[in-house]
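Student: The residues making up each chain are set out below.
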Amino acid sequence: MAILVDKNSKIIVQGITGGAGSFHAKRMIEYGTNIVGGISPGKGGQEVEGKPVFDTCAEAVDETGADTSVVFLSAKFVKDAVIEAVRAGIKFVVVVPEHIPIHDMLRIRVEAEKFGARVLGGNTAGIISPGQANLGIMPDIAFSPGRVGTVSRSGSITYYIADTLTRTGYGETTCVGLGGDPVLGSTFDEILELFEQDDQTKAVVMTGEIGGIYEERAASTIEKINTPVIAMIGGVFAPQGKRMGHAGAIVEGSMGTAESKLKILEEAGAHIAKTFNDIPEILGSLNI
Amino acid sequence: MAILVDKNSKIIVQGITGGAGSFHAKRMIEYGTNIVGGISPGKGGQEVEGKPVFDTCAEAVDETGADTSVVFLSAKFVKDAVIEAVRAGIKFVVVVPEHIPIHDMLRIRVEAEKFGARVLGGNTAGIISPGQANLGIMPDIAFSPGRVGTVSRSGSITYYIADTLTRTGYGETTCVGLGGDPVLGSTFDEILELFEQDDQTKAVVMTGEIGGIYEERAASTIEKINTPVIAMIGGVFAPQGKRMGHAGAIVEGSMGTAESKLKILEEAGAHIAKTFNDIPEILGSLNI
Amino acid sequence: MRLYEYEAKQLFNKYKITIPGGRTALDPGEALEVGEEFGYNVVLKAQVLTGGRGKEGGIKLARSEGEVEKFSEELFKTKIKGYDVDKILVDPLLDIEKEFYLGITIDRFNYRLVMIASAEGGVDIEEVAAKTPEKIIKINFNMDEKYYAFEGMQLGKQLGVESGKLREFSGFCANLYRLFTDYDAKLMEINPLVQLKDGKFIAADARVSLDDDALFRHPDLAEMGIEKRHEEGELTPREIQAREWGIPYLDLDGYIGMFPGGAGFGIMGNDFIHYYGGKPANFMDSGGGPSPERLAKMLILLDENPDVKAIFGARFGGISRCDDFAKGVIMFLKEHGLSKPLVMRMTGNMWQEGVRLFEEAKAENPGLFERIEFHGIETPIEDIAKRAVELAGEQLNA
Amino acid sequence: MRLYEYEAKQLFNKYKITIPGGRTALDPGEALEVGEEFGYNVVLKAQVLTGGRGKEGGIKLARSEGEVEKFSEELFKTKIKGYDVDKILVDPLLDIEKEFYLGITIDRFNYRLVMIASAEGGVDIEEVAAKTPEKIIKINFNMDEKYYAFEGMQLGKQLGVESGKLREFSGFCANLYRLFTDYDAKLMEINPLVQLKDGKFIAADARVSLDDDALFRHPDLAEMGIEKRHEEGELTPREIQAREWGIPYLDLDGYIGMFPGGAGFGIMGNDFIHYYGGKPANFMDSGGGPSPERLAKMLILLDENPDVKAIFGARFGGISRCDDFAKGVIMFLKEHGLSKPLVMRMTGNMWQEGVRLFEEAKAENPGLFERIEFHGIETPIEDIAKRAVELAGEQLNA
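Going line by line, the protein sequences match chains A, B, C and D. This note's numbering applies: residue 1 is where the first sequence begins, and numbers increase by one. This note's numbering applies: residue 1001 is where the second sequence begins, and numbers increase by one. This note's numbering applies: residue 2001 is where the third sequence begins, and numbers increase by one. This note's numbering applies: residue 3001 is where the fourth sequence begins, and numbers increase by one.
Simulated from the structure, these hints should not be mistaken for laboratory data. On a predicted model such as this, the values are computed, not experimentally measured, just so you know. Do not take every clue at face value.
Stated by the list, open to error - With a straight-line Cα cutoff of 27 angstroms, these simulated DSSO-like cross-link-like pairs (lysine-lysine) come out:
1) D/K3200 with D/K3098
2) A/K51 with A/K10
3) C/K2165 with C/K2200
4) A/K43 with C/K2197
5) D/K3135 with D/K3087
6) C/K2138 with A/K43
7) C/K2016 with A/K114
8) C/K2146 with A/K91
9) D/K3138 with D/K3165
10) A/K43 with C/K2228
11) B/K1010 with B/K1114
12) B/K1091 with B/K1076
13) A/K76 with D/K3146
14) A/K43 with C/K2087
15) C/K2146 with C/K2055
16) D/K3131 with D/K3014
17) A/K114 with D/K3165
18) D/K3131 with B/K1043
19) D/K3138 with C/K2016
20) D/K3165 with A/K76
21) A/K263 with D/K3200
22) C/K2279 with C/K2087
23) C/K2014 with D/K3146
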């Protein structure tokens, strides 16, 4: 099993005729990901890597039954693309580009909720369910099918953790990159809840960093779920960053240091890892 | 019993410090309507007819428990006033002013639906549950408590029908004026369904006229409900009016003549009255 | 408020909706001047506020100087559904590849905006809708929804617009949608929306109706020379008088003057007169809460109409108060005098005060009231209608 | 992007948000000129891109010509949290009746806009929020919601604004909300929002941060003289060099040069170095898919830093491909040369190609690679970090 994507997902690539889109479409297909087509308005009827290109998502959904999309477009086109996807019936959209305007992300989230869809990113390396589907830009080499889920804001961290889990024989069910942009389509707590519902995921490694707001908010979910959570927070030795003025502090609370985040997560029941090598040790001690 | 308003309704008057607002507030109070206050931004703290004036609906709801509102404001202020009311928790808003911009009415309806509220009008004479509450501008003299409901687009028609029902001893449960504007907050079918749920309403008199689109749409409701419906349509001898271009015809269907409306309603099971005097005769024949 | 085609095209131009770019002419001389600019390959279009202009000869193709002169002279002499042709629009002929229909209107029952399109453009779209409804494509919008480019692309796709032209088509739709919502429109139609041989889209025709009740939000229309107007065709002198007085009034071919309260009962009261064998001479709507002055003017319209043999009066005071009604009638009686029999019923808000005013005026000058039969709530309105038919019959037979 | 106060006030003025109406000065002479206009009753405000300016002496009240001169001279010599004062805003003193706080920001967790207000204005609002949260009022907005006037009136009511001034207050809020949504703002704060003795509202201060990623939608800012900028305080020469090259880079006080891939591992890799007893000399983020040229420049920054004793390199090819990474390293080695020991690990997308490129270059010129210890996926990254600490230690002890 896996969460969000698996071998049955029917995936379209929005922006498939672009440089990054076509490059990664090829990689994803080579991995065995079930890419059923791509979108490129004005280029309907072409083919990329043997997959049909459509002008609109509605067509693609009609003709291929697509339920999932991965977006490779300039930031400024992402809002319309995601809203088009969710209105056409796509239920899961992975937004790879970075620097999506924040107001666009807010609107994307509101629209996605209206249509019961989930958005990952922006600025995510993507999501991989090893052996089944790889959506985004993650390098296959780090991953192998297994029994631990991972969720992180950072692509590179995801690779290192999967690399560690793979090397030590645990393998991964699904590795989720939330993305590095300031406002994200999905948050730690939501992904943890999905892992909780996945029988095959025996533990989850969650990696956060200073500066974000989403780590602390995961605490109540960690308390609630049965799946063990191993948490890492980067930036223990980083200087305190800037925060968004007084209003930001009032709305978001004071910006957590790595220590305060670790404290909150540990109190919620998470097992704390300092380095990647700690992860297999903790998994071992939990008999996973 | 009654629909939409009764003696327990807690009613505020939006625009209570204006000429029409204060005049009709007085009349409504004299009738025994449970007016609990009024709204007039910038005039909070004053009193009109012994009722407190508030700056905002939220305050009025907090302090009086108001659940119903009647609006006496210039057309251009109606949109904001109704949206304020429904967001503050008011569940039923009667819009007396006429000439509300159509786009405003569309937005009002969308907002009201979001908050589970109902809007009557614009350009309605209001609604009266005789002996309990009179909201709007309807003259008390025509009405008496009884067992027949009425729903009409026109105030004057409502008076004549109530006058007839009163004179012949049937009396009324509630008389509803849908309003004369081209886009209305509530429609025949919705009001008929409310009457169907009211035990005391033994029959409903529904009066429409040429030019509207709402009469035909009531047919499926008439078929569905058990309460007998007596229908009158004005304009049998009126020349065909103008309609809203081709696009209008495509969306709304061809504009019904009085005859075609009567035919559709009769086929749906309505009893057709030509003059007001026909109404008590039909009620008699139905043993009501 | 319906706009003239050339006005609608002004708005289109403001919203970057491509138009052919011709100009209006007030006489054949001007038409020739504009025609010359376009090499005398033009379409001459009568500017009238009615549909079906083409079938009535209001649109002419001219391909030479002589034709421009001849056809424009003809057009200025034409009457289209009662409208004089004061102005014609001279547009260049287009290099047409394909014609579409594109419109936006309001779905009043579902409280939405609807964009409507068809690949069958340039023809009677209602006929297309009736015979081949599958050729009509609709997209619905809630009032709080934005228009997204992909919607226009989906629409274009369904219309068979080629992939390479979808963005442009969608932009066209976007601009129209924005115009619709910005200007409180009730209806916008482009028929045909032409795709030129070079692939570009252009609004060959333009129909726009705005919401009269929202014009206060658009003072810039007046700056553009688009003034508030009424839309009727030819009016009778009495209708013109009524409009000047601000009274909704329509002449009919009967002989009973109708003086009812409220638009709803105005329509139904006319039916009643028919049921009892009479024929109304008019429609009239007093509007909400008319002033005594206005009521007096309404009576003048009826009394001075030689076709009117008797007057049917009804007032159920709602927002209109009976005391004001009584004041209006008394003002009319004193200042103008009544030359026809009048049967009327008055009840509703402030009826006691109205009755008191009548009684005072009558005590002062009983002669004023000698042709009036006055009733209150005790008399059914049907009896008033019957009596009006009777009274008129007496006059007709006299 | 944070705006200077005077720039924020320019935007406020455009949106009819009343501002005191002073002007900026580039030297004490100009400050005197502006001061004279306002009768030498002014507030002198250092224009720096940091908060807490008041506590640092960046705001001075001046009530005479002498004070304007003296205080402005002082201000231009002040340094506030590392920022030079190049410009001061000279605003007239206000006739203050009451001070409020009003702000709008984004609730990133609930995906909403939030308007925040307090009757406790002109003070440290975070302290108010911490000690007396009931004095902070919040209204939430979904992105697809309009601002309605009544919302501002409700807010004003809760703040104790008198009834007669609610409409004006609401208009103030409306304009701020419109500005926020129109300009893709992340934060807007007015503290204090002053109510004058005559009842009017005025933005005595203005803080605005816009979303850098949305600046492309607002070309008019540049027309207003508001240019895209970075917000840091004083930069080191190396940080300035990095910025010119477009590389996110921050000097730290350690001795291990950090050359990791990705921002996330950039932060965590520094922690690892600490865990193993070392101290990083920098933060660096290569960004998504850096070009070979850029990678070479990143290495130059580290190699030319005399504090750097050894370099820690890591590349997990995702959107950044290992072949590009290898090309960048080789370009650096060939064109610049490596003067420090470098331990690195490379794996991920296109790693085989990266390894091949290294082997080819090494075969061609083995000398280039003599200070490099190269690892692939088989070595845990922790071992690379440990080794970097070891290598640096050797250098430090040498």
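Student: Now, for every hint given, state plainly whether the structure supports it.
Tutor: Cross-check of the supplied hints:
1. D/K3200 with D/K3098: Roughly 10 angstroms between the alpha carbons, so the hint for D/K3200 and D/K3098 holds.
2. A/K51 with A/K10: holds (12 angstroms)
3. C/K2165 with C/K2200: Cα-Cα ~8 angstroms, so holds.
4. A/K43 with C/K2197: Given that 27 angstroms is the threshold and the Cα spacing comes to 20 angstroms, the pair holds.
5. D/K3135 with D/K3087: violated (35 angstroms)
6. C/K2138 with A/K43: holds (24 angstroms)
7. C/K2016 with A/K114: violated (32 angstroms)
8. C/K2146 with A/K91: Since the Cα atoms of C/K2146 and A/K91 sit roughly 21 angstroms apart, the hinted pair holds (cutoff 27 angstroms).
9. D/K3138 with D/K3165: holds (20 angstroms)
10. A/K43 with C/K2228: violated (46 angstroms)
11. B/K1010 with B/K1114: Holds: B/K1010 and B/K1114 sit about 22 angstroms apart, inside 27 angstroms.
12. B/K1091 with B/K1076: holds (22 angstroms)
13. A/K76 with D/K3146: Holds, at roughly 23 angstroms.
14. A/K43 with C/K2087: Measuring from Cα to Cα gives roughly 45 angstroms; hence the hint is violated.
15. C/K2146 with C/K2055: This hinted pair is violated, its Cα atoms lying about 38 angstroms apart.
16. D/K3131 with D/K3014: violated (36 angstroms)
17. A/K114 with D/K3165: violated (38 angstroms)
18. D/K3131 with B/K1043: violated (34 angstroms)
19. D/K3138 with C/K2016: With a Cα-Cα distance of about 41 angstroms, the restraint between D/K3138 and C/K2016 is violated, given a limit of 27 angstroms.
20. D/K3165 with A/K76: Violated. D/K3165 to A/K76 sits at ~41 angstroms, over the 27 angstroms cutoff.
21. A/K263 with D/K3200: Violated, because 48 angstroms separates the two Cα atoms, which is more than 27 angstroms.
22. C/K2279 with C/K2087: Not OK: C/K2279 and C/K2087 at ~39 angstroms, beyond 27 angstroms, violated.
23. C/K2014 with D/K3146: Holds, at about 25 angstroms.
Checked against the numbered hints above, the structure breaks hints 5, 7, 10, 14, 15, 16, 17, 18, 19, 20, 21 and 22 and satisfies the rest.
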